[in-house]
Amino acid sequence: MTELLGHRVVDCSMPIEPHWRFAPTIEHATVMAAGGCRFHSTRLEMGAHAFTHVDAPWHVADDGARMSSVALADVTGEAAIADVSWLGDDAAIRAEHLATADVRAGDILLVRSDHASRWPTTTPEHWTRAPFMTRDAAAWVLDAGVTAIGFDFPQDRGIRAEHDAAWAPAADPVDDWPCHRILLAAGVLQIEYLQGLDRIPHGRCVFAAMPLRLTESDGAPVRAVAFVPLDDDRGT
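In this text, residue positions in the sequence shown follow my numbering: the first is 3, and each later residue adds one.
Derived by calculation from the structure, the hints in this document are not laboratory data. Idealized CB from N, CA, C, for every residue including glycine. Any given hint might turn out to be false.
Said to hold, decoys possible - Simulated restraints on C-beta separations:
(1) ASP65 / LEU216: 15 to 23 Å
(2) TRP22 / SER119: 29 to 37 Å
(3) VAL33 / ALA172: 49 to 57 Å
Please take these sequences and the hints and turn them into a complete structure.
So, in structure tokens, the structure goes:
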């Protein structure tokens, strides 16, 4: 168990490893430096939206902010957890499902589904049978005044299209992409593909999703962690 200043540190990030959906290139080499010093050197190539990452508004809006404008304070701070894990596969997440969370203006909102406990992220079903946010849920989040929102599942129904032969688009694209088209377009940052939210025992925590310092980018990989007081009763 990792501890820091009286808190457990809960890792909420996907491991970066070979994965059929993200297809990262991970190469290991041995190099010789000056004076015959020998090093192992790893080369990594992947998209900015692979594994656990943050979306900047430029991802969906031509005039949206890029990662150079994303402040660490926007993705670090007090967080509220909305537990919708009881909804199960293919469920529509509506405003009333989020309204029970202790959300305050300026929070980061973390939506917990525990979907990976049913379908690990390595399975196609994780990406095609996930619960999904609805338009009214996104509107509720926008009204709540959060700075960022994170998910432990692929949050927009449109994400499944690439891997689900039975998928059919909605008449209005916003219904397939409410988190991207409503929240991100309005400046609410998205933290995608979190893990381990079930290890946060209560409805609030301190949370940080620290992005790589990419500048002219519409997103960046993050290492996401939650800080839980040691006197809470659930281990990592």
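Now for the hints, and whether the structure bears them out:
no. : hint                       : result
1   : ASP65 / LEU216: 15 to 23 Å : holds, 19 Å
2   : TRP22 / SER119: 29 to 37 Å : violated, 20 Å
3   : VAL33 / ALA172: 49 to 57 Å : holds, 51 Å
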